[in-house]
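J.: What follows is each chain in one-letter form.
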Amino acid sequence: MKGLASVLVILLIGGAAWAGPLELSLSGGPATTSLDDVNTSILVFNTLIDHLNDTLAVIPGVTGRVQALPPMNSGASFRASERYWVADWIAFTGAFEYYRLSTATRGQYVGSETSTIDVSVSLSTISVLGGARAQFLDAGLRLAGDASFGYFYTTCDHAVTFDIPSEYPDVIAGVPPEGEGRNAGGTFGAQAGLSIAYPIVEGFCVEALIAYRWASVPALRDATAGSLDLDGNGRPESVGLDGLFVHIGISIAIDLSLDGEKGE
Amino acid sequence: MKTRRLCLLLGMGFLVAGALGGCLQFEPSAPQALFTASPAEHLIPFTASFDATLSQRAPDEALTYVWTFGDGSAGAGPLVDHVYSQDGSYEVVLTVYDAKGTSSSTRLTVKALNPLPTATFSYSPKSSMEGTYIVGASEWVTFNASASTDDEEVTAYEWNFGDGTYDNGPEVRHRYTYAGTYNVALVVTDNDGGESTYVQQIHVEGGPPCNTDVDGGGTCQ
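Here the protein sequences come in this chain order: A and B.
Using this note's numbering, the first residue of the first sequence is number 1, and each one after it goes up by one.
Using this note's numbering, the first residue of the second sequence is number 1001, and each one after it goes up by one.
These are calculated hints, taken from the structure and not from any lab test.
It is possible that part of the hints are untrue.
[Unchecked claim] To give an idea of the interface, some chain A residues facing chain B are shown, with a C-beta separation under 7 Å as derived from the structure:
| # | residue |
| --- | --- |
| 1 | 43 |
| 2 | 44 |
| 3 | 172 |
| 4 | 173 |
| 5 | 174 |
| 6 | 233 |
[What the hints assert, rightly or not] Residues of chain B clear of chain A, computed beta-carbon distances all greater than 10 Å:
| # | residue |
| --- | --- |
| 7 | 1039 |
| 8 | 1047 |
| 9 | 1051 |
| 10 | 1085 |
| 11 | 1100 |
| 12 | 1129 |
| 13 | 1137 |
| 14 | 1154 |
| 15 | 1159 |
| 16 | 1168 |
| 17 | 1182 |
| 18 | 1183 |
| 19 | 1187 |
| 20 | 1194 |
| 21 | 1195 |
| 22 | 1200 |
[Claimed, not checked] Here chain A is said to cover these stretches of chain B; the calculated rule only asks that three of the stretch's residues, wherever they fall, bring their Cβ under 8 Å from a Cβ of chain A:
| # | stretch |
| --- | --- |
| 23 | 1102–1108 |
| 24 | 1170–1178 |
Just so we're clear, the structure is a prediction, and the values are computed from it rather than from any experiment.
C-beta atoms are modelled at their ideal positions from N, C-alpha and C, and glycine is treated no differently.
Could you put together the complete structure from these sequences and hints?
T.: The structure is reproduced here in structure tokens:
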């Protein structure tokens, strides 16, 4: 993974060296995603935690309560990109993005023994994208449309401890399996959005980007090719990366062309 | 003017960013079968109650609940009871369907336990001496285990007379060569393989001294 990231950084910087009029941009901000099956699994954990909280609260001699897992709806994403302006109004773009979101809960029930519930799930996605930006308004603020296509690689780290106290009177069917592991997988996807840039000084802009991402990783596999199945229902979890994101960042124009004119 | 535009740009960006984090509500994309069983292990006959109201579904969506109880019978509904009258391990399977026909299944093993037989025996003849029952050495004693019981059938009776000899059957005869106190153990087995053991002390009086070889087969205790 580090090797891939290094190659991408070299490509981005290297691209700047041979390209003519180009911009380098760094941005970051919140991103949302549905995650579909992964969040369904989190609902299963939360249903069981709520049920245990309610049931054990009325059993004498048992104390403790476990907080529910926050759903993984949003996280932080970062983007490094470059744009090669082939004309005043259009540029080819290349971008590297990193996106991470996570959730966790930990708590204990104390009765005749201590029972621990400890669940953590984190998802990291890196993507390599190529596309185009079309600027259609430059009136102090620059308004542009942005579309790109690329590969998304997602890694899921998960650890589950789910001890049900012996005082719990029934038996529950469908408790997710315990253990920890790492699953990963990739897919092709696309994203498109709008950007607004405001030039502070010549060659330096503050910009905002709002865009939507379309990508869904059908299955994440571990080292033994086993599929990610957080809730233990026998169906592999797909990871829906569809979602909106907003970035605030800066861009620096580096004019390496011989005549110094952008878009010539 | 430039500062206003910059503030407007940043303000709009942060406003949208902040709104994004809070406006999303997630709903499950597929049903998830979950249920509780009470009890999941018990002596037969017993009634097991199954509750599938924990199952996941999208809000305002009705689920169809289909059960198989592992003994050839089936049921429907979120709350069901089932009577297990034969011992064994039964795999209970709950399948839930949403309105789109998407399904999810979960299974659990219910153990219907066989009640163990009760072992007991009596013996005769015997006489009472100072509040203790005794039998005479070299005297034939009849051991009778017909009072042993089971919910179905006791199929085997195994005797250990405590003097190194064994026998089997519901009624057996035995004689002790030497005086002494012997632990007589009876093991009864029912038709499901369940076993139960009963031990009773037998006091034997009279007979030759312990170091005398009688019939070549007696042993001292």
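J.: For every hint, state whether the structure bears it out.
T.: Each hint, compared with the structure:
1. Annotation: interface hint on residue 43/A holds; nearest CB of chain B at approximately 5 Å, less than 7 Å.
2. The restraint placing residue 44/A at the interface with chain B holds, with a minimum CB-CB distance near 5 Å, inside the 7 Å limit.
3. At a threshold of 7 Å, the smallest CB-CB gap from residue 172/A to chain B is about 5 Å, leaving the interface hint in force.
4. Below 7 Å, beta-carbon pairs count as interface contacts, and residue 173/A has one with chain B at about 4 Å; its hint therefore holds.
5. Interface hint at residue 174/A: satisfied, since its Cβ lies 4 Å from the closest Cβ of chain B, which is below the 7 Å cut-off.
6. Annotation: interface hint on residue 233/A holds; nearest CB of chain B at approximately 6 Å, less than 7 Å.
7. For residue 1039/B, the requirement that its beta carbon stay farther than 10 Å from each beta carbon of chain A is not met, with the minimum near 8 Å.
8. No Cβ of chain A comes within 10 Å of the Cβ of residue 1047/B; the nearest lies about 14 Å off, and the non-interface call holds.
9. The beta carbon of residue 1051/B is not kept farther than 10 Å from every beta carbon of chain A, the shortest such distance being approximately 8 Å.
10. Once the 10 Å rule is applied to beta carbons, residue 1085/B is consistent with being away from chain A; the minimum gap is 20 Å.
11. Even its closest Cβ contact with chain A, about 15 Å, leaves residue 1100/B beyond 10 Å, as expected for a residue assigned away from the interface.
12. Taking the minimum C-beta to C-beta distance to chain A, about 51 Å, the non-interface status of residue 1129/B holds against the 10 Å cut.
13. Distance check for residue 1137/B against chain A: the nearest CB is about 54 Å away, which clears 10 Å, and the non-interface claim stands.
14. No Cβ of chain A approaches the Cβ of residue 1154/B within 10 Å, the least distance being about 32 Å, so the stated non-interface status holds.
15. In this structure residue 1159/B is separated from chain A by more than 10 Å, as the shortest Cβ-Cβ distance comes to about 40 Å.
16. Residue-level check passed: residue 1168/B sits 40 Å from the nearest beta carbon of chain A, beyond 10 Å.
17. The non-interface label for residue 1182/B is consistent with chain A: the shortest C-beta to C-beta separation is roughly 43 Å, beyond 10 Å.
18. Residue 1183/B, annotated as away from the interface, keeps every beta carbon of chain A farther than 10 Å; the closest lies near 37 Å.
19. Distance check for residue 1187/B against chain A: the nearest CB is about 32 Å away, which clears 10 Å, and the non-interface claim stands.
20. Listed as outside the interface, residue 1194/B is consistent with that label: its C-beta sits roughly 23 Å from the nearest C-beta of chain A, beyond the 10 Å cut-off.
21. Distance to chain A confirms residue 1195/B as a non-interface residue, since its nearest Cβ pair spans about 27 Å, more than 10 Å.
22. The beta carbon of residue 1200/B is kept farther than 10 Å from every beta carbon of chain A, the shortest such distance being approximately 37 Å.
23. Residues of the stretch 1102–1108 of chain B lying with their CB closer than 8 Å to a CB of chain A number 5, which satisfies the three-residue condition for coverage.
24. A stretch counts as covered by a chain when three or more of its residues have a beta carbon under 8 Å from one of that chain; for the stretch 1170–1178 of chain B and chain A the count is 0, and the coverage is violated.
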